[in-house]
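Q: Quick mapping for you: the protein sequence lines, in order, are chains C and S. When you line the first sequence up against the working numbering, it's residues 1 to 64, in that order. When you line the second sequence up against the working numbering, it's residues 65 to 314, in that order.
If you're looking for bench data, these hints aren't it; they were derived computationally from the structure. One or more hints might be untrue.
Said to hold, decoys possible - Here are some, though not all, of the chain S residues that point toward chain C, as calculated from beta-carbon distances under 8 Å: (1) 149; (2) 176; (3) 177; (4) 229.
Unchecked claim - Beta-carbon label-pair distances, calculated as ranges: (5) C:20 / S:155: 41 to 51 Å; (6) C:28 / S:279: 43 to 53 Å; (7) C:18 / S:264: 20 to 30 Å; (8) S:148 / C:19: 17 to 27 Å; (9) C:27 / S:193: 34 to 44 Å; (10) S:184 / C:45: 33 to 43 Å; (11) C:27 / S:153: 20 to 30 Å; (12) S:154 / C:35: 27 to 37 Å.
Note that beta-carbon positions come from the ideal geometry of N, C-alpha and C, so glycine has one too.
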Amino acid sequence: MPQAQTAQLSATTNVAATNVNVVVQAVLAMALGLFVVGVVGFSHISAVHNAAHDVRHANAFPCH
Amino acid sequence: MSVFRSIVFSAVLAGLVAGLATTAVQMVGTVRLIQQAEVYEKKPEAPAPAASSMPANAPAPGTSGHDHDQHQIAAAAHDHGDAWEPEAGFQRNAFTAGASVLTAIGFALLLAGIFALRGRPVAWREGLFWGLGGFAVFVAAPGLGLPPEVPGQPVADLTLRQTWWIGTACATAAGLGLLVFRREPWAAMLGLGVIALPHVIGAPQAPVGTTDVPTTLAHSFVVAAVLTGLMFWALLGVLTSIAYARFSRS
Chain C
1 MPQAQTAQLS ATTNVAATNV NVVVQAVLAM ALGLFVVGVV GFSHISAVHN
51 AAHDVRHANA FPCH
Chain S
65 MSVFRSIVFS AVLAGLVAGL ATTAVQMVGT VRLIQQAEVY EKKPEAPAPA
115 ASSMPANAPA PGTSGHDHDQ HQIAAAAHDH GDAWEPEAGF QRNAFTAGAS
165 VLTAIGFALL LAGIFALRGR PVAWREGLFW GLGGFAVFVA APGLGLPPEV
215 PGQPVADLTL RQTWWIGTAC ATAAGLGLLV FRREPWAAML GLGVIALPHV
265 IGAPQAPVGT TDVPTTLAHS FVVAAVLTGL MFWALLGVLT SIAYARFSRS
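All chains should be modelled from the sequences, with the hints used to inform the complete structure.
A: This is how it looks when you write it as structure tokens:
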């Protein structure tokens, strides 16, 4: 009985660890996505602004 | 394949296709209107045309470049000095395509990340609705206070507008999340309240200024930009869900 309980506990821990792992990877990927959108759409660097100018206007990102 | 790699691969694939398709639509829609507006932006000395008249032709070569040195609107005057800018024509359009694809990949990373967090397969139809959620969060809600604008229209301070834009997108995402994922009445009320809040606070207002950009041109641009946004998000939602389903299985 204690053995079965231990096995169950270990399985639960594994599932929890996998879930945490998935969450960390997904959140990292989402942060990378926001960073890319931030640079293309919101950077104040003039060259970046000029390169992405038409896309900023078309996407209704604030531009001048 | 690790979850991170599945997300990145599917986002790059979906972003590439959706970004290029959107660029093709932009070339006949928003980009054409931006170039028409730049004729007014770049000619401060020219007599103001009648509000209803549109430029007869696309701008002549050399006039479609965006030169911030010649902004005619005092409020929007913005001196970029001699900062690099792409040459009019192919180079400029190539950068537009590149920026479109990068934006699409960025947003697809967000969508695929959500699909990974769902912990179960997301079918194309559910992907479509996530895409429409993206449209509400990143186009409809910020666009209500800060409508898509062609160059040359009077605008408020850039940082203020960017802050309001990002705040509105976050509030709309949080509000929609509460509405969709919580079933309690308090969540519905709070969700609606959070969605309305940035609009109650109000977007930064443009100072009173005159512009030669015809109202019809500005209005056509709002319609073109919002419709392109709708197409972009619907396509990105569907493509990302299909791509992520494939990559996460392998």
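Q: All hints, please: hold or fail.
A: Status of the hints after comparison with the structure:
Taking 8 Å as the C-beta cut-off, the interface hint given for residue 149 of chain S holds, the closest approach to chain C being about 4 Å. Interface hint status for residue 176 of chain S: upheld, as the beta-carbon distance to the closest one in chain C is roughly 7 Å, under 8 Å. The interface hint given for residue 177 of chain S is met, as the beta carbon of that residue sits about 4 Å from the closest beta carbon of chain C, less than 8 Å. Residue-level restraint check for residue 229 of chain S holds (minimum Cβ-Cβ distance to chain C is 5 Å; threshold 8 Å).
Range check, residue 20 of chain C to residue 155 of chain S: Cβ separation about 46 Å, and the 41 to 51 Å hint holds. Range check, residue 28 of chain C to residue 279 of chain S: about 46 Å between beta-carbon atoms, so the 43 to 53 Å window is met. The hinted window of 20 to 30 Å between residue 18 of chain C and residue 264 of chain S is violated, with their beta carbons roughly 43 Å apart. Between residue 148 of chain S and residue 19 of chain C the beta carbon distance is about 46 Å. The supplied range of 17 to 27 Å is therefore violated.
A C-beta distance of roughly 22 Å is found between residue 27 of chain C and residue 193 of chain S, which places it outside the suggested range of 34 to 44 Å. Take residue 184 of chain S and residue 45 of chain C: their Cβ atoms lie about 41 Å apart, and the range 33 to 43 Å holds. With their beta carbons about 41 Å apart, residue 27 of chain C and residue 153 of chain S fall outside the hinted range of 20 to 30 Å. A C-beta distance of roughly 29 Å is found between residue 154 of chain S and residue 35 of chain C, which places it inside the suggested range of 27 to 37 Å.
Violated hints for the displayed structure, listed by number in ascending order: 7, 8, 9 and 11.
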